[in-house]
Amino acid sequence: MRGTLCVSGMMDVAGTALRADLSGALVWDEQRLLVVSDLHLEKGSSYASRGTLLPPFDTVATLRRLAAVIAHYDPRTVIALGDSFHDREAHLRLTGDDRAVIANLQVGRDWVWITGNHDPAPHGIGGEVADEVTLGAVTFRHEPTGARGEIAGHLHPKARVATRARTLERRCFVSDGERAVMPAFGAYAGGLSVRDAAFAKLFQKRAFIAHVLGDTRLHSIAAARCY
Amino acid sequence: MPREHQLALLEKARALRSALLIAPTGAGKTLAGFLPTLVELGEKATARSIPRPAGLHTLYISPLKALAVDIARNLEAPISEMGLPIKVETRTGDTPVSRRQRQRRYPPDVLLTTPEQLALLLASDDAPFLFSSLKRVVLDELHALVTSKRGDLLSLALARLWRLAPDMRMIGLSATVAEPDQLARFLVPQPNGAVAAADVVVAGGAAQPVVEMLDTRERLPWAGHTARHALAEMYELIKANKTTLVFVNTRSQAEMLFQDFWRINEDNLAIALHHGSLDVAQRRKVEDAMAAGKLRGVVCTSSLDLGVDWGDVDLVINVGAPKGCSRLMQRIGRANHRLDEASRAVLVPANRFEVLECSVAIDAIADNAQDTPPLRLGALDVLAQHVLGCACAEPFLSDELYAEVITAAPYASLSRADFDDVVDFVASGGYALKIYERFARIKQDAKGCWRVANPKVRQSYRLNVGTIVEEAMLKVRLVRSRGGGAKGSTGAIARGGRLLGEIEEYFIEGLTQGDTFVFGGEIVRYEALAEDQVYVSRANDADPKVPSYMGGKFPLSTYLAERVRGLLDDRRAWMQLPEQVRDWLALQKDVSRIPARRELLVETFPRSSKYYLVCYPFEGRLAHQTLGMLLTRRLERARARPLGFVANEYALAVWGLGDMSLMVNQGRLDLAALFDPDMLGDDLEAWLAESALMKRTFRSCAVISGLIPRRFTGEEKSRRQVLFSTDLVYDVLRRHQPDHMLLRAARADAATGLLDLKRLGDMLKRIEGRITHRPLDRVSPLAVPVMLEIGRESVYGEAADELLAEAAEELVKEAMG
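Protein chains in written order, with our numbering: chain A, 1 to 227; chain B, 1 to 817.
No lab work stands behind these hints: they were computed from the structure. It is possible that some hints are incorrect.
Unchecked claim - Here are a few chain B residues that sit away from chain A, every Cβ distance over 10 angstroms (derived from the structure):
id: 1; residue: V210
id: 2; residue: E233
id: 3; residue: Y431
id: 4; residue: I435
id: 5; residue: K589
id: 6; residue: V664
id: 7; residue: I708
id: 8; residue: V729
id: 9; residue: L733
id: 10; residue: E768
What the hints assert, rightly or not - Derived, one-sided and incomplete: chain A residues facing chain B with beta-carbon distance under 10 angstroms:
id: 11; residue: Q31
id: 12; residue: L53
id: 13; residue: L54
id: 14; residue: D58
id: 15; residue: A61
id: 16; residue: T145
id: 17; residue: A147
id: 18; residue: G149
id: 19; residue: Y188
id: 20; residue: G191
id: 21; residue: R195
id: 22; residue: A197
Even for Gly, the Cβ is constructed at its ideal location relative to N, Cα and C.
Produce the complete structure using the sequences and hints provided.
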């Protein structure tokens with residue numbers, strides 16, 4: 001319906017129809033709301049400051065993908081669901097260019113930075129800062145509690161799926177229709193298997209679906225098929 | 001009574017010449033290497049009769065720390081017998097800190113150590129003091145050292161030593177190699193733009209070994225690597241000899257053969273097992289029993305390729321493919337270490353193709369041919385490690401360090417631009433985006449000298465030195481199966497379970513839940529993975545689905561491959577082959593074709609609702625796997641709907657849903673285009689972007705170069721969430737700076753390593769315009785072995801062999817009509 005640039009699939013959370021995008025962003029069409037989680041901007045330079053000189057392109061890579069998905073959906077509101085910056089000083093290390101890209105993305109729309117465990121303090125680079133945001137039946141917060149209607153990040157879900165030839169491992173959305181955990185959006189963000197105990201605490205009987213980010217489309221796979 | 005070559009080395013030392021001694025095993029190589037030092041130190045002692053000034057005289061470098069320890073022990077006897085005041089000490093990872101500190105201040109006369117320990121010593125600020133008195137470096141088992149990145153690291157250390165101790169001379173000790181003059185370059189500083197080499201001393205007089213192929217009375221298997229058919233015959237050989245070494249290519253083969261021997265060991269012969277994964281104490285016990293002459297047989301892997309000689313080994317049995325004739329010669333040299341007596345060896349091929357390989361290997365040995373690889377080009381990731389080490393020792397100027405580095409033979413052709421890239425990488429990552437200057441590990445002062453930015457950098461260097469990158473390992477635990485019920489839930493599995501051992505993570509990643517494989521001598525079913533634990537259950541299957549046989553580290557050498565193709569092409573030479581193999585080849589000739597020496601035979605045929613393409617490049621499993629990946633991509637594009645492929649050392653089979661015979665016939669599939677060398681262009685690029693092998697290669701370069709600390713790779717699995725994955729780093733770097741130094745290093749590795757690209761490229765060029773296609777209506781005799789690999793391996797249990805033999809029989813009947 002919106003061209004072929006992004007591929008998405010629908011996912012219900014507490015009666016709200018949400019769009020899971022292949023990029024790892026979540027879109028609420030009616031609200032013209034776009035959510036991304038765990039950007040971990042400046043993770044590379046965070047390691048670099050401690051002596052591990054990871055390539056510094058992660059922020060550029062992450063922002064480029066973010067800009068593309070925002071350009072595609074043109075949301076009125078963007079929520080960054082916590083751990084947007086890898087550490088408390090990360091925003092200070094942004095290059096001027098990256099700052100400009102973020103400022104540019106914020107023009108003409110509301111922008112909310114939800115606080116996360118990596119970035120609990122307000123970082124003052126545009127937008128508002130909030131611990132959580134509730135819209136209708138849905139609450140957006142960083143760390144999942146398992147509450148009904150909750151959309152969270154933090155866990156970086158990934159699914160290992162057995163295929164005919166070999167096991168594939170990809171990032172995914174996780175939802176049981178009442179609550180959801182979003183995949184990490186950041187280029188250097190690692191993943192946690194959806195079979196980890198952390199997910200069992202949130203989803204009873206592990207009756208959830210993993211919406212797996214494939215190469216060209218999403219795949220909704222029952223939790224029991226993942227490991 | 002010293003031998004001729006020992007005297008020759010003394011002579012070279014007196015003339016202040018560096019020398020390379022080429023000698024077969026058992027020629028008293030190591031003693032020859034030490035003789036000049038013992039003589040010099042002995043003469044000095046008598047001349048002065050007062051204590052000599054302290055100072056390191058001779059440094060001995062061995063690839064194995066156990067070897068260094070053994071040599072030290074062996075040296076002590078002659079030194080104390082002659083009453084020489086010579087202090088000999090070892091320095092390995094096991095040496096206590098107090099002794100290491102003492103060694104730096106009060107060095108022994110002779111220090112025996114490893115390349116890694118030498119690098120650490122050179123990176124300390126004591127290095128100029130410690131090495132200024134150095135007169136000689138002895139490099140043992142040089143042929144083994146120079147084939148890996150450890151050799152690169154060692155060569156750079158030598159370049160440094162040549163500067164610190166200009167009077168120092170070298171002695172290299174090596175088994176016979178293809179290009180002794182090349183190897184001799186390793187031992188002397190290379191002048192800028194020219195070539196220099198040490199003098200080569202060849203120990204003569206070694207008797208020609210007696211090598212035979214086992215003339216089995218049993219039926220020769222079509223595939224598999226166990227050689228179980230010849231078990232009883234091998235047992236008889238052990239019984240008939242005093243001490244026999246039984247070499248196999250892999251750890252799992254060694255385990256299985258050892259168990260098999262004990263199953264039929266009615267005479268209770270003392271047969272032991274030796275391989276690299278066994279506990280060190282266990283290995284030492286076997287070696288000691290061996291030295292004491294208490295063992296009748298030892299089943300071993302390349303873990304015994306190197307090391308001190310012990311015991312009276314009178315026979316070597318080599319099971320399976322010899323892979324290369326130089327390697328085989330070195331193994332055979334393990335039998336009998338009296339030079340004047342012939343070593344005896346029996347080759348036991350485990351399948352029909354291996355008969356061909358064994359046959360040409362015997363010819364090659366008779367011709368005294370050698371197929372050791374050419375000298376390596378120094379790797380950039382190793383250079384990065386060395387540059388950081390240099391900065392840890394003392395500040396350096398780029399001009400001076402570059403001039404020093406290119407005296408090392410592997411780096412003689414290193415460009416200044418590459419060197420500067422490496423320094424830039426060491427300093428601040430070498431990224432196009434220059435934002436890490438403030439995090440730089442080394443910084444330039446006003447005079448242009450590079451200095452370590454802070455003490456943490458030194459510490460990090462010390463923790464990360466070395467070129468051996470351990471694979472990420474997972475613990476394997478045995479739990480009860482959940483049966484055929486709900487799939488996939490780790491929750492339903494009882495956690496805990498008996499620990500079976502550790503397995504490479506990449507192996508598990510290639511598995512699908514329910515896959516069965518051999519581990520620790522039994523067939524297990526893969527149940528689940530949770531954190532760093534792999535859960536498996538006992539499988540009832542008779543045949544493991546996934547072969548654990550990976551063919552060992554080394555592919556079939558290019559040289560032997562060429563000879564195998566030559567043998568196939570030469571009908572008269574078939575006479576030397578066993579009758580079963582001759583019949584097999586004759587039948588192939590009737591129903592299809594015997595590939596000519598330089599040609600590539602491609603067969604296509606249908607089989608149970610799928611269509612197969614089998615080709616015979618004879619270029620080793622690694623190159624064939626890469627070819628398989630690339631061919632599948634191309635067949636996909638040609639709409640042949642490929643489903644999978646399997647490769648062995650000799651052939652590659654691809655299968656799919658499209659009728660490839662028909663497609664070729666109708667001109668919809670052009671085999672010349674399919675095998676065009678241009679597949680190493682865009683197709684390769686596209687595949688490299690996602691190739692797990694390439695990512696493993698990159699990870700190894702990232703660790704060696706010091707980009708990623710070793711501890712991260714070990715620690716990350718113990719945390720619930722991975723800190724970062726080198727795969728993600730690879731993706732980002734590849735997209736944003738595809739010519740980055742580390743990616744170049746990884747590509748250079750891929751050319752000769754896991755992807756064997758260079759060999760694949762050479763092969764594609766060789767067969768251009770020489771592809772012969774045979775559309776068949778069923779599988780050909782030559783295709784049977786590789787087709788059987790699809791049905792996986794006959795690796796475990798009698799039931800497995802029976803079942804596989806049945807499966808094999810079906811295929812064979814089909815082929816034989």
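Minimum Cβ separation between V210/B and chain A greater than 10 angstroms?
Non-interface label stands for V210/B: nearest chain A Cβ at 47 angstroms, farther than 10 angstroms.
Is it correct that the beta-carbon of L733/B has no partner in chain A closer than or equal to 10 angstroms?
Label violated. Min Cβ-Cβ 5 angstroms, cutoff 10 angstroms.
Please verify that hint: G149/A, Cβ, nearest Cβ of chain B, below 10 angstroms or not.
Where the cut-off is 10 angstroms and the nearest Cβ of chain B is about 25 angstroms from G149/A, the hint is violated.
With 10 angstroms as the threshold, tell me whether I435/B passes as away from chain A on beta-carbon distances.
5 angstroms, violated
E768/B non-interfacial with respect to chain A [C-beta, more than 10 angstroms]:
At about 31 angstroms from chain A, E768/B clears the 10 angstroms cut-off, so the statement holds.
Beyond 10 angstroms from every chain A Cβ - status for I708/B
6 angstroms, violated
At a threshold of 10 angstroms, is the proposed contact between D58/A and chain B supported by beta-carbon distances?
At 6 angstroms from the nearest chain B Cβ, D58/A passes the 10 angstroms test, so the hint holds.
Minimum beta-carbon distance criterion (10 angstroms), Q31/A to chain B:
With a minimum Cβ separation of about 31 angstroms from chain B (threshold 10 angstroms), the hint on Q31/A is violated.
Over 10 angstroms from every CB of chain A: does Y431/B meet that, or does the non-interface label fail?
At about 6 angstroms from chain A, Y431/B fails to clear the 10 angstroms cut-off, so the statement is violated.
For the restraint on T145/A, tell me whether the closest CB of chain B is nearer than 10 angstroms.
Hint violated; T145/A Cβ to chain B Cβ min 18 angstroms, cut 10 angstroms.
Quick check on R195/A please, does its C-beta sit within 10 angstroms of some C-beta on chain B?
Holds: closest Cβ of chain B sits about 5 angstroms from R195/A, inside 10 angstroms.
10 angstroms cut-off, C-beta based - K589/B kept clear of every residue in chain A:
Holds: least Cβ distance 35 angstroms, greater than 10 angstroms.
When the structure is compared with the earlier hints, violations turn up for hints 3, 4, 7, 8, 9, 11, 16, 17 and 18 and for no others.
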